[in-house]
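Given chain A's structure and the hints, the job is docking chain B with the ligands onto it.
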Amino acid sequence: MSVPTPAGAAIPAVTTNVVAASYALRAEGLRKQYGATIAVDGISFGVRAGEIVGLLGPNGAGKTTTINMVLGVLQPSAGHISIEGIDLARHRSQALSHTNFAAVYAALPGNLTVYQNLRFFSLLYDVAAGATRIEQLLSEFDLQRLRNARSGVLSSGEQTRLALAKALLNNPRLLLLDEPTASLDPSAAALIRSRIRAMATRSGCGILWTSHNMYEVEETCDRVLFLSRGRILLEGDPKTLPHAHGAATLEELFIRLAREPLATEAPGTRAPGTGAPAQQRDPAAGGR
Amino acid sequence: MKLRPIAAIALRQLYLMRSSPTRVLPMVAWVAVDIILWGFISRYLNSVTSSGINFIASLLGAVLFWDFFTRVMQGVTMAFFEDVWTRNFINVFATPLLISEYLTGLVLTGVTTSLVGLIVMLLLATWLFGLPFFSLGLLLLPLLLVLFLFGIGLGVLASAMVLRLGPASEWLVWPIPALLSPFVGVFYPLSTLPPWMRAVGHALPPSYVFENMRSAVAGHGYSGSGLAIGVALALLDILLAAWVFGRIYRYAVRSGLLARYSAESVS
Ligand SMILES: Nc1ncnc2c1ncn2[C@@H]1O[C@H](COP(=O)(O)OP(=O)(O)OP(=O)(O)O)[C@@H](O)[C@H]1O
Ligand SMILES: [Mg+2]
Numbered sequence: 001m002s003v004p005t006p007a008g009a010a011i012p013a014v015t016t017n018v019v020a021a022s023y024a025l026r027a028e029g030l031r032k033q034y035g036a037t038i039a040v041d042g043i044s045f046g047v048r049a050g051e052i053v054g055l056l057g058p059n060g061a062g063k064t065t066t067i068n069m070v071l072g073v074l075q076p077s078a079g080h081i082s083i084e085g086i087d088l089a090r091h092r093s094q095a096l097s098h099t100n101f102a103a104v105y106a107a108l109p110g111n112l113t114v115y116q117n118l119r120f121f122s123l124l125y126d127v128a129a130g131a132t133r134i135e136q137l138l139s140e141f142d143l144q145r146l147r148n149a150r151s152g153v154l155s156s157g158e159q160t161r162l163a164l165a166k167a168l169l170n171n172p173r174l175l176l177l178d179e180p181t182a183s184l185d186p187s188a189a190a191l192i193r194s195r196i197r198a199m200a201t202r203s204g205c206g207i208l209w210t211s212h213n214m215y216e217v218e219e220t221c222d223r224v225l226f227l228s229r230g231r232i233l234l235e236g237d238p239k240t241l242p243h244a245h246g247a248a249t250l251e252e253l254f255i256r257l258a259r260e261p262l263a264t265e266a267p268g269t270r271a272p273g274t275g276a277p278a279q280q281r282d283p284a285a286g287g288r
Numbered sequence: 001m002k003l004r005p006i007a008a009i010a011l012r013q014l015y016l017m018r019s020s021p022t023r024v025l026p027m028v029a030w031v032a033v034d035i036i037l038w039g040f041i042s043r044y045l046n047s048v049t050s051s052g053i054n055f056i057a058s059l060l061g062a063v064l065f066w067d068f069f070t071r072v073m074q075g076v077t078m079a080f081f082e083d084v085w086t087r088n089f090i091n092v093f094a095t096p097l098l099i100s101e102y103l104t105g106l107v108l109t110g111v112t113t114s115l116v117g118l119i120v121m122l123l124l125a126t127w128l129f130g131l132p133f134f135s136l137g138l139l140l141l142p143l144l145l146v147l148f149l150f151g152i153g154l155g156v157l158a159s160a161m162v163l164r165l166g167p168a169s170e171w172l173v174w175p176i177p178a179l180l181s182p183f184v185g186v187f188y189p190l191s192t193l194p195p196w197m198r199a200v201g202h203a204l205p206p207s208y209v210f211e212n213m214r215s216a217v218a219g220h221g222y223s224g225s226g227l228a229i230g231v232a233l234a235l236l237d238i239l240l241a242a243w244v245f246g247r248i249y250r251y252a253v254r255s256g257l258l259a260r261y262s263a264e265s266v267s
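Chains as they are written, first to last, in the working numbering: chain A, 1 to 288; chain B, 1 to 267.
Quick caveat, the hints were computed from the structure, so don't treat them as lab data. Even for Gly, the Cβ is constructed at its ideal location relative to N, Cα and C. Do not take every clue at face value.
What the simulated footprint calls covered on chain A by chain B, stretch by stretch (three residues with Cβ under 8 Å from a Cβ of chain B suffice, anywhere in the stretch; the number is not a length) [claimed, not checked]:
#: 1; region: 66-74
#: 2; region: 83-96
#: 3; region: 108-121
With a straight-line cut-off of 25 Å between C-alpha atoms, the simulated DMTMM-like cross-links for lysine to aspartate or glutamate are [said to hold, decoys possible]:
#: 4; chain 1: B; residue 1: 2; chain 2: A; residue 2: 135
#: 5; chain 1: A; residue 1: 239; chain 2: A; residue 2: 218
#: 6; chain 1: B; residue 1: 2; chain 2: A; residue 2: 218
Same shape as in the complex, but just chain A (with noise of 0.2 Å):
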């Protein structure tokens, strides 16, 4: 982009942070408490640019909160989220525009076809060229012979399929997806999980993940946060990440903090920057 200066030369379009427009997602201080009860508890991390990140952690450690929140249907109690650079309390509309999700927990109205849902959500996105997008997507995700079906009676897997072509609709620069594939079967999640990592290639989206699965985790991910309690323990490459603490595998890992969070918490949130544990503290953040 640029803009023609008077004299018919052009200058770079200014840009607030040049930075900051390489994230998809930045959340900052992200915090949701119920009553007595510290679902989020003050964490901040980053979705660059064409990357998956994995939000990793046992039941109820606050992923689905944290996703909520970056959805917009759930206010935090305290911190600040920025989709494409843009503030999500301030132009809500315009920073979910560029996103889009998919859950185990937000199934499509079932009473609607599978054509239908699309149409529904693609003019709820504004999504301008609706109808050629939903051939493409019933297409890319082999949909088309259940065009005409309700979605409700569709399987699980094909249930997944769905939600996935509708989170593809607007063409989101960030994509959220929780559990995408906890009902698929192995060859079709594999299937899913290669084409996530080349849309994550093609056209740059940043993706948050969560995931039980830890060798799809290893498989697909640039990147992970686990989060146990609320905070986030540890960060870090999927790959070198067990091994740098003394795990074998992922697994191993992950059911190791799982089991013991407080151990690993305490000199993680106290040495950031000295390597693996902690907070992502991401050196743009301090410049705002």
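Quick look at chain B with the ligands alone, frame taken from chain A:
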């Protein structure tokens, strides 16, 4: 406001109605039953009384107006209930959709479905009972407008209530019109009521519709200022309802109610 998101809400209702007779039937069946029942009651009253009142015009006409109002209100709430029944709030409100677009979509749906009901009622009442509906002439426009606006306001308010209190509170919505009808004088002049009920009636826009309709049918003309008050009150109700909906929506986002709607009373 954008057009596509608004159209989405209305289009969904069209999809559902196309494939589901159980959604279309109530739109026409209940109003048809009402017209037929009250048509015969009116005809009977005309034959046994010599009061000079044309009960077809005053009583059956009133039923038609009242049913139109309830259809508008229910058209709005029905569209909203779709998201309640399918637990669809996360999917819908995680899109760039604005609340104003959502409400406009609900209203558009309410308008369309209530017009279908109105046409059915008019056909039946005119053909079977000779209701001189159009003899009211241009007065019909403000009368229908007030009912229409109030139906929208109440529909939005009822939706807000269900959003706040959870899916089970749907049962509180259906009786609302019946609860209001004694106060607004659908079948009798407000002067019949005790003072406190009359005061409540004057605060409700439909009372101006029925007072003016009766007066016009009896050949006494209508009150322009009364109608203006009715329209103004109804507009005020819409603004109030939209404001309440917005507040409750923000509460639902803050409290976690929207994200976990099935939990009902997250506080
Ligand atoms: N509306 C709410 N009111 C009270 N507590 C809540 C609410 N929503 C979530 N919680 C609590 O917040 C915590 C985090 O829940 P969350 O759903 O984010 O976990 P999760 O990491 O997604 O777990 P899972 O792997 O089981 O999906 C849980 O202890 C949950 O009970
Ligand atoms: Mg979860």
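Hint check:
With 5 residues having a Cβ less than 8 Å from any Cβ of chain B, the region 66-74 of chain A passes the three-residue criterion, so the hint holds. Residues of the region 83-96 of chain A lying with their CB closer than 8 Å to a CB of chain B number 4, which satisfies the three-residue condition for coverage. For the region 108-121 of chain A, the stated coverage by chain B holds: 10 residues have a C-beta nearer than 8 Å to a C-beta of that chain, and at least 3 were required. Between residue 2(B) and residue 135(A) the CA atoms are separated by roughly 23 Å; this keeps the pair inside 25 Å, and the hint holds.
In summary, the hint linking residue 239(A) to residue 218(A) is supported, as the alpha carbons are separated by about 6 Å, within the 25 Å threshold. Among the hinted pairs, residue 2(B) with residue 218(A) is inconsistent with the structure: their alpha-carbon atoms are about 42 Å apart, more than 25 Å.
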